[in-house]
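*Asks:* Construct the complete structure from the given sequences, taking the supplied hints into account.
Protein chains: 2
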Amino acid sequence: MVPHFKLLHQDINSNARLGELYTPHGIIPTPIFMPVGTQGTVKAVQQTDLVALNAKIILGNTYHLYLRPGLDVLNTFRGLHNFMNWQGPILTDSGGFQVFSLSPLRKLSNEGVEFRSHIDGSRHLFTPEKVVDIQRTIGSDILMVLDECAPYPADRSYIKKSAALSLDWAQRSRKYFNSTESHYGLNQLQFAIGQGGVFLDLRAEYLNAVIEQGFDGYAIGGLSVGEPKELMMEVVSHSVELLPKDKPRYLMGVGMPDDILHAIEMGVDMFDCVIPTRNARNAQIFTTRGKINVRNQKYKFSDELIDENLGLFPSNYYSLGYLRHLFMANELLALSIASLQNISFYLWLVNIAREKIAVNEFTKWKQEFLDYWHNNTK
Amino acid sequence: MVPHFKLLHQDINSNARLGELYTPHGIIPTPIFMPVGTQGTVKAVQQTDLVALNAKIILGNTYHLYLRPGLDVLNTFRGLHNFMNWQGPILTDSGGFQVFSLSPLRKLSNEGVEFRSHIDGSRHLFTPEKVVDIQRTIGSDILMVLDECAPYPADRSYIKKSAALSLDWAQRSRKYFNSTESHYGLNQLQFAIGQGGVFLDLRAEYLNAVIEQGFDGYAIGGLSVGEPKELMMEVVSHSVELLPKDKPRYLMGVGMPDDILHAIEMGVDMFDCVIPTRNARNAQIFTTRGKINVRNQKYKFSDELIDENLGLFPSNYYSLGYLRHLFMANELLALSIASLQNISFYLWLVNIAREKIAVNEFTKWKQEFLDYWHNNTK
Chain C
292 MVPHFKLLHQ
302 DINSNARLGE
312 LYTPHGIIPT
322 PIFMPVGTQG
332 TVKAVQQTDL
342 VALNAKIILG
352 NTYHLYLRPG
362 LDVLNTFRGL
372 HNFMNWQGPI
382 LTDSGGFQVF
392 SLSPLRKLSN
402 EGVEFRSHID
412 GSRHLFTPEK
422 VVDIQRTIGS
432 DILMVLDECA
442 PYPADRSYIK
452 KSAALSLDWA
462 QRSRKYFNST
472 ESHYGLNQLQ
482 FAIGQGGVFL
492 DLRAEYLNAV
502 IEQGFDGYAI
512 GGLSVGEPKE
522 LMMEVVSHSV
532 ELLPKDKPRY
542 LMGVGMPDDI
552 LHAIEMGVDM
562 FDCVIPTRNA
572 RNAQIFTTRG
582 KINVRNQKYK
592 FSDELIDENL
602 GLFPSNYYSL
612 GYLRHLFMAN
622 ELLALSIASL
632 QNISFYLWLV
642 NIAREKIAVN
652 EFTKWKQEFL
662 DYWHNNTK
Chain A
292 MVPHFKLLHQ
302 DINSNARLGE
312 LYTPHGIIPT
322 PIFMPVGTQG
332 TVKAVQQTDL
342 VALNAKIILG
352 NTYHLYLRPG
362 LDVLNTFRGL
372 HNFMNWQGPI
382 LTDSGGFQVF
392 SLSPLRKLSN
402 EGVEFRSHID
412 GSRHLFTPEK
422 VVDIQRTIGS
432 DILMVLDECA
442 PYPADRSYIK
452 KSAALSLDWA
462 QRSRKYFNST
472 ESHYGLNQLQ
482 FAIGQGGVFL
492 DLRAEYLNAV
502 IEQGFDGYAI
512 GGLSVGEPKE
522 LMMEVVSHSV
532 ELLPKDKPRY
542 LMGVGMPDDI
552 LHAIEMGVDM
562 FDCVIPTRNA
572 RNAQIFTTRG
582 KINVRNQKYK
592 FSDELIDENL
602 GLFPSNYYSL
612 GYLRHLFMAN
622 ELLALSIASL
632 QNISFYLWLV
642 NIAREKIAVN
652 EFTKWKQEFL
662 DYWHNNTK
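Going down the list, the sequences are from chains C and A.
First residue of the first sequence? That's 292 in the working numbering, and the numbers climb one at a time after it.
First residue of the second sequence? That's 292 in the working numbering, and the numbers climb one at a time after it.
It is worth saying that the hints were derived from the structure and are not from the lab.
Don't take each hint at face value.
Copies of the same chain are indistinguishable here, so a pair counts whether it falls within one copy or spans any two.
Claimed, not checked - Calculated pairs, DSBU-like style, for lysine-lysine (alpha carbon to alpha carbon, straight line, at most 35 angstroms):
#	residue 1	residue 2
1	421	451
2	589	421
3	421	591
4	520	334
5	466	669
6	297	520
7	669	334
8	398	591
9	655	582
10	520	669
11	452	520
12	536	334
13	451	536
14	297	589
15	655	398
16	334	591
17	582	334
18	421	655
19	589	334
20	297	398
21	589	669
22	536	421
*Replies:* This is the structure in structure tokens:
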């Protein structure tokens with residue numbers, strides 16, 4: 292089998308690395324940020340705009356897509372790519388996190404997790420195998436295994452038990468994945484998700500066990516759920532040390548620009564987060580000059596472009612004053628412009644990161660950029 | 292002075308006509324539909340998308356723009372065109388209609404109308420002269436005069452009194468317009484608005500008086516406020532007969548495709564209406580194949596493109612099934628796609644109308660199209 296991940300360069304000053312991930316819908320340069328498109332749409336953003344911003348891969352969510360539009364619809368369209376008319380790569384999260392955060396009722400067993408739909412209260416059962424099937428129907432390029440996303444804080448005995456269950460599910464997931472085929476002739480990839488809370492020995496035990504299964508990539512999960520940043524970064528650093536160099540590493544649900552750059556430095560390759568789009572809808576704008584709340588009175592008369600440095604629409608088209616007006620007047624266009632700006636910024640961030648890694652200047656640049664950026668974010 | 296309106300062709304089978312309206316920001320082919328951009332944005336639509344859909348002119352609203360972002364901001368940006376970065380023509384409604392429909396309190400006098408802002412309750416006074424000044428600051432290509440939009444039904448004595456006031460205001464507006472200059476060196480145009488309710492003699496008296504003032508165009512106002520369609524069309528037909536042939540004619544706030552085509556047949560040149568965008572946000576989609584509610588269960592599995600005939604994004608990009616999903620999932624993207632589709636349809640409608648007028652086939656086509664369209668709209 293041709294390897295689907297190619298390590299192109301290892302930074303000589305840090306663990307940051309440059310790679311290429313080959314998927315059925317295209318090659319993804321890493322490190323990469325993946326905009327979140329939970330329900331088959333990156334909120335308030337056109338698919339053509341994602342192409343124009345040069346987004347390389349987006350996320351979908353198994354829990355949401357299973358409930359709506361449903362497998363019958365996705366099957367009719369032969370997958371999510373055709374349904375939403377996005378022809379780039381798609382990674383689908385397993386839905387474990389959503390079952391635990393959205394469902395009004397859930398019952399965990401060795402077999403899987405039974406839950407009620409947050410939409411209509413209907414009962415459903417997710418098993419590791421079923422979640423693979425659903426992602427076969429979705430036709431995602433990268434499938435994530437079903438896991439239990441444990442809360443924080445949680446005591447060691449809880450995490451130990453939870454991790455044992457998730458590990459069993461991961462093993463069943465891999466076995467089932469290997470014994471089934473893509474519905475649409477795609478060479479789909481499957482990633483495991485590291486669990487173990489903030490207990491490093493449990494994390495190590497878990498990771499070593501899933502690595503044995505030979506997944507196509509490894510995520511670090513169960514973080515960014517309330518634990519201190521330092522603890523999160525300790526777990527990331529420790530996890531990355533254990534992971535094979537020839538497979539992509541994905542830090543789920545992270546995060547702020549700092550977190551992403553620090554994790555890149557530790558050797559993480561892939562990121563997703565709702566922050567750029569969710570915060571956009573609250574008028575928090577990430578720009579190359581800092582983070583701003585564009586509702587602030589001081590932008591009322593500003594004819595400065597939102598972010599000329601990005602050189603892309605709409606960042607180089609509308610002024611801060613106009614964007615502020617749209618937010619103050621509760622206009623829908625505000626949400627589109629702000630979402631596009633923030634996604635554009637996050638993609639710019641990983642683009643620059645890649646450029647700097649290539650010339651072994653990542654660590655130096657990272658520190659300078661963050662100093663400048665936080666100085667400007669006041 | 293060079294005439295700003297050129298009559299290119301008069302249909303030999305009806306009163307429909309083909310023209311060109313010259314404005315500081317471009318030439319507008321007539322008959323034309325003008326998408327409504329009340330607060331300096333056509334709701335949920337990017338300015339670049341309006342360009343891509345070949346929108347020739349959009350509307351702004353004096354009442355809204357005066358309150359928010361306010362004249363200080365508009366003055367700083369040297370007008371609405373720069374503020375919103377739309378470089379095509381803009382017509383601004385006077386705000387009379389909004390004062391009477393939105394303001395929680397208003398006091399009418401000969402001088403003008405005092406009202407409270409619907410946003411913060413602050414007190415303001417609009418006079419005919421002030422409304423010209425505001426539109427000078429907005430920098431619109433076409434200014435509308437301040438008028439009282441009388442309710443329907445209203446008795447003859449009320450309408451007579453109301454029309455007398457509006458006529459006085461129209462005369463003051465023209466006088467003030469002629470004695471003042473554009474703030475930005477634009478050759479702005481000013482239109483009068485015909486009033487008189489559904490009383491044809493009052494309408495005639497009014498129109499004859501404003502025509503004497505030599506406005507740059509004439510609107511038919513005070514309609515589409517609850518009167519029967521037949522009565523509205525009678526007033527339109529009667530008004531058009533009285534209007535000079537060498538000036539553009541604008542039917543305000545109308546309407547459904549039928550209304551627009553009937554009025555074009557009577558000799559009307561310009562239209563605006565919130566229907567395409569407002570109804571879009573309620574999942575009502577106007578297509579060349581009929582009007583549909585895309586939430587309908589029957590579109591759940593539909594891979595048919597929204598409206599391939601239009602040949603434009605997003606009509607030829609997304610399926611009805613996907614658009615339905617976005618509405619069912621309360622996704623913001625639904626509102627953008629539906630708004631663009633409906634605007635695209637309205638622009639298509641007037642484009643075809645112009646093509647058919649040019650070859651004297653308008654009336655025949657209109658009947659065939661409406662028969663087909665209503666047959667498909669079930």
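*Asks:* Does each hint fit the structure? Answer for all of them.
*Replies:* Here is how each hint holds up against the structure:
no., hint, in the structure
1, 421 / 451, "within (24 angstroms within a copy, 73 angstroms between copies)"
2, 589 / 421, "between (52 angstroms within a copy, 28 angstroms between copies)"
3, 421 / 591, "between (52 angstroms within a copy, 23 angstroms between copies)"
4, 520 / 334, "within (27 angstroms within a copy, 40 angstroms between copies)"
5, 466 / 669, "neither (51 angstroms within a copy, 51 angstroms between copies)"
6, 297 / 520, "within (30 angstroms within a copy, 68 angstroms between copies)"
7, 669 / 334, "both (27 angstroms within a copy, 32 angstroms between copies)"
8, 398 / 591, "between (51 angstroms within a copy, 31 angstroms between copies)"
9, 655 / 582, "within (21 angstroms within a copy, 59 angstroms between copies)"
10, 520 / 669, "within (20 angstroms within a copy, 58 angstroms between copies)"
11, 452 / 520, "within (24 angstroms within a copy, 71 angstroms between copies)"
12, 536 / 334, "within (34 angstroms within a copy, 49 angstroms between copies)"
13, 451 / 536, "within (27 angstroms within a copy, 85 angstroms between copies)"
14, 297 / 589, "neither (47 angstroms within a copy, 46 angstroms between copies)"
15, 655 / 398, "neither (49 angstroms within a copy, 66 angstroms between copies)"
16, 334 / 591, "both (26 angstroms within a copy, 20 angstroms between copies)"
17, 582 / 334, "both (20 angstroms within a copy, 26 angstroms between copies)"
18, 421 / 655, "neither (46 angstroms within a copy, 59 angstroms between copies)"
19, 589 / 334, "both (28 angstroms within a copy, 25 angstroms between copies)"
20, 297 / 398, "neither (41 angstroms within a copy, 74 angstroms between copies)"
21, 589 / 669, "within (13 angstroms within a copy, 52 angstroms between copies)"
22, 536 / 421, "within (30 angstroms within a copy, 71 angstroms between copies)"
Checked against the numbered hints given earlier, this structure breaks hints 5, 14, 15, 18 and 20; the rest are met.
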